[in-house]
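Number of protein chains: 2
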Amino acid sequence: MFTNQEIRLDLLKQRAFNLRWAAVPEGVIPLTAADPDFPCAPQIAEAISKYASERYFSYAPAEGHSFFRESVARFHTNKRHVVTNPDFVIAVDSAAYGILMTCKAFISEGDEAIVFNPVDFLFKYSVESCQGVSVPISVPLTPDGMIHIEALENAITAKTKLICLCNPLNPTGKVFTKVELEQIGNLAIKHKLIILSDEIWSDIVFEPHVYTSIASVSEAIKQQTVIVTGYSKSYGLAGLRVGSVIAPNEKLYQQMLLASDHQSTTHGCNVLAQVAVKSALDDCEDWLQGFVKHLKNMRDICVEDLNKIVGINCHAPQGCYLVFPAITDTGMNAETLQTLLLEKAKVAVVPGLSKWFGDRATGHIRLSFATSEEILKEGLNRITKVLNER
Amino acid sequence: MFTNQEIRLDLLKQRAFNLRWAAVPEGVIPLTAADPDFPCAPQIAEAISKYASERYFSYAPAEGHSFFRESVARFHTNKRHVVTNPDFVIAVDSAAYGILMTCKAFISEGDEAIVFNPVDFLFKYSVESCQGVSVPISVPLTPDGMIHIEALENAITAKTKLICLCNPLNPTGKVFTKVELEQIGNLAIKHKLIILSDEIWSDIVFEPHVYTSIASVSEAIKQQTVIVTGYSKSYGLAGLRVGSVIAPNEKLYQQMLLASDHQSTTHGCNVLAQVAVKSALDDCEDWLQGFVKHLKNMRDICVEDLNKIVGINCHAPQGCYLVFPAITDTGMNAETLQTLLLEKAKVAVVPGLSKWFGDRATGHIRLSFATSEEILKEGLNRITKVLNER
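The listed protein sequences derive, respectively, from chains V and A.
Counted from 1, the first sequence has number 351 at position 343 by our numbering; the numbering is strictly sequential.
Counted from 1, the second sequence has number 266 at position 258 by our numbering; the numbering is strictly sequential.
Mixed in with the good hints, there may be bad ones.
For identical chains, the list gives no copy identity; a pair is met inside one copy or between any two copies.
What the hints assert, rightly or not - Straight-line Cα separation of at most 20 Å, EDC-like style, residue types lysine to aspartate or glutamate; simulated pairs:
(1) K112 to E62
(2) K58 to E14
(3) K58 to D290
(4) K112 to D269
(5) K286 to E351
(6) K198 to E117
(7) K363 to D269
(8) K304 to E190
(9) K304 to E293
(10) K112 to E136
(11) K21 to E62
(12) K286 to E136
(13) K301 to E34
(14) K316 to D269
(15) K354 to E158
(16) K58 to D119
Simulated from the structure, these hints should not be mistaken for lab results.
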């Protein structure tokens, strides 16, 4: 599994948008958006086909089908050590919408939310969509750096409502330690804040690192936490648009359901996407383990090759299939380097722009390594050649 | 086709929510939400299975796949006589979201939108979600009544931005005439208003009535019109959550795309839903014709049987698979009658409450007849028996 032979470039060139194969010029290798080059697990396709063959796509429940909610609850109870009531799970059309929903539920005009810097742009974007104020706090640029808990507490004001936790952290690949999570959780309790725990990357963690959900640290912390997750990263289901929101209790569940706008039918989650997730969680554990094992090898290749290039400094991520090398010593900024790599190396990367990750991402680029060894090495060779020939 | 034997009550009881089989007590016939009891066309299930079997569900384009946009554009060009550029089509996760998007694009705080009374609640709901003011104008309660165009013009103020047209009109089953549409369109031109043309019911029109899209009446009217449609009514795809938004030109398209929030990945349309719609529009014309033919027979049975009941007055709808009988002469209000029918007749109907349809729906109930002759007759017999035995 996870060989180059499995990858169907013909299909990727038709189907993979968002800066990927179908959206780049012919001949370019897109190490851009975090979306695997491999086909999904065959069990998922079979589950979809079976459900579709019965030809009923009636209105789903606003909160999601019980088969979905039960599967998600079982997963979080057994694999994340967060005892989860299926009645507090909501099927949503993406983790991105789950983040927005959480902001809608807890942020009113002028309210503040703590947002990491750097982190994926969706947190700031969602807070500001609710007329809230995104308050950036610096988090380590290296995966093994520790969060500065005093800085976090100093950023809390009377208007703070939410701490946005992204664990593992996109783009740096940091996996938070239990000690850090306990510190963050205790601050949330002390200041009566909700923790938005974005766990979309939580399957992609490389040993010896271990994933800890902040909601598993203590019951008191769990009661302050809304978990948001999705299935695009682990299972390659971005186009199905599906995620989960998990509330710890009835009160927060009702607030989240109201914020979802599902009951009016304006939003909701496609039933086949729910079928796919049930299959992913129930039937694809071996497939996922194989994928993570492959990714760990790809990470090692990626880090080793990038560090051989003069001017590039790359730390090994603990989680996520992303590397986030510092590129300042090349003498170029991220956009100049991005353009050079696209034009000369025919490799597309994501520049560490403030608008995508916060201003501390400046001087970095981000590359995804969720591809075959052959494609990854070809991409890295092209980058190496262009940068060494300058 | 469209026989009782085709209906899988076992699956409906697992899958049909939103007041339908899976959401009512055992033994109750739900003539409630507008969602067919029949399985979808087999071609749709096959198209989904084929796409799924290739196991790639990568990120779709924000605006929708080109196969989807081209199919939708071809349909509107050929079947609706609205020459449609695929580049101005957006795949959305429901017609309901299409309505909200249109309001987001054109309504700011305090802006006004003309909303029919009665009509589906989603128009008022969406306008108010954007801090707009929903200005109700009375439309005929009988399908053959004509709109009072002076009343519409009198409702227009300097703050009016939008006319919300629902054609065919849910819940009355009125299909607007070309003359009426021209009058409405000319008002929109004169007052520089956008027309939101909700065409989700446009396939379900009973001869001799003919559907006219307001965007087909003249090029000038088309340029003021955003078409919103969906595929749940015609093809039974509510659970796939899919609709289309069609802008007439680049400027309105860009406004709609911005309002969609698709580019941030917060919202979007599931790829399998897009595959289903392509198959529905390209391969299922015969299936749809058979469905509409069956529905016309069901309408006739429904209207005839209901009118035999003392106190119930039912007009034959020109479009939609809904009847909307006046029930005031029963001496009951709609909620009392709804409860009586649920408890004694074991038939669920939708009461004509102000919150669902506007205050002119008072004294009516709404029934869906998208089922088999056997189930429909059983439901009508039960209603007749209970009301005649009072």
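Structure-based check of each hint:
no.: 1; hint: K112 to E62; verdict: neither (37 Å within a copy, 37 Å between copies)
no.: 2; hint: K58 to E14; verdict: between (23 Å within a copy, 18 Å between copies)
no.: 3; hint: K58 to D290; verdict: within (16 Å within a copy, 23 Å between copies)
no.: 4; hint: K112 to D269; verdict: both (10 Å within a copy, 15 Å between copies)
no.: 5; hint: K286 to E351; verdict: neither (42 Å within a copy, 36 Å between copies)
no.: 6; hint: K198 to E117; verdict: neither (23 Å within a copy, 37 Å between copies)
no.: 7; hint: K363 to D269; verdict: between (28 Å within a copy, 16 Å between copies)
no.: 8; hint: K304 to E190; verdict: neither (27 Å within a copy, 64 Å between copies)
no.: 9; hint: K304 to E293; verdict: within (17 Å within a copy, 50 Å between copies)
no.: 10; hint: K112 to E136; verdict: both (10 Å within a copy, 16 Å between copies)
no.: 11; hint: K21 to E62; verdict: between (31 Å within a copy, 13 Å between copies)
no.: 12; hint: K286 to E136; verdict: neither (33 Å within a copy, 36 Å between copies)
no.: 13; hint: K301 to E34; verdict: neither (30 Å within a copy, 49 Å between copies)
no.: 14; hint: K316 to D269; verdict: neither (50 Å within a copy, 41 Å between copies)
no.: 15; hint: K354 to E158; verdict: neither (44 Å within a copy, 63 Å between copies)
no.: 16; hint: K58 to D119; verdict: neither (46 Å within a copy, 48 Å between copies)
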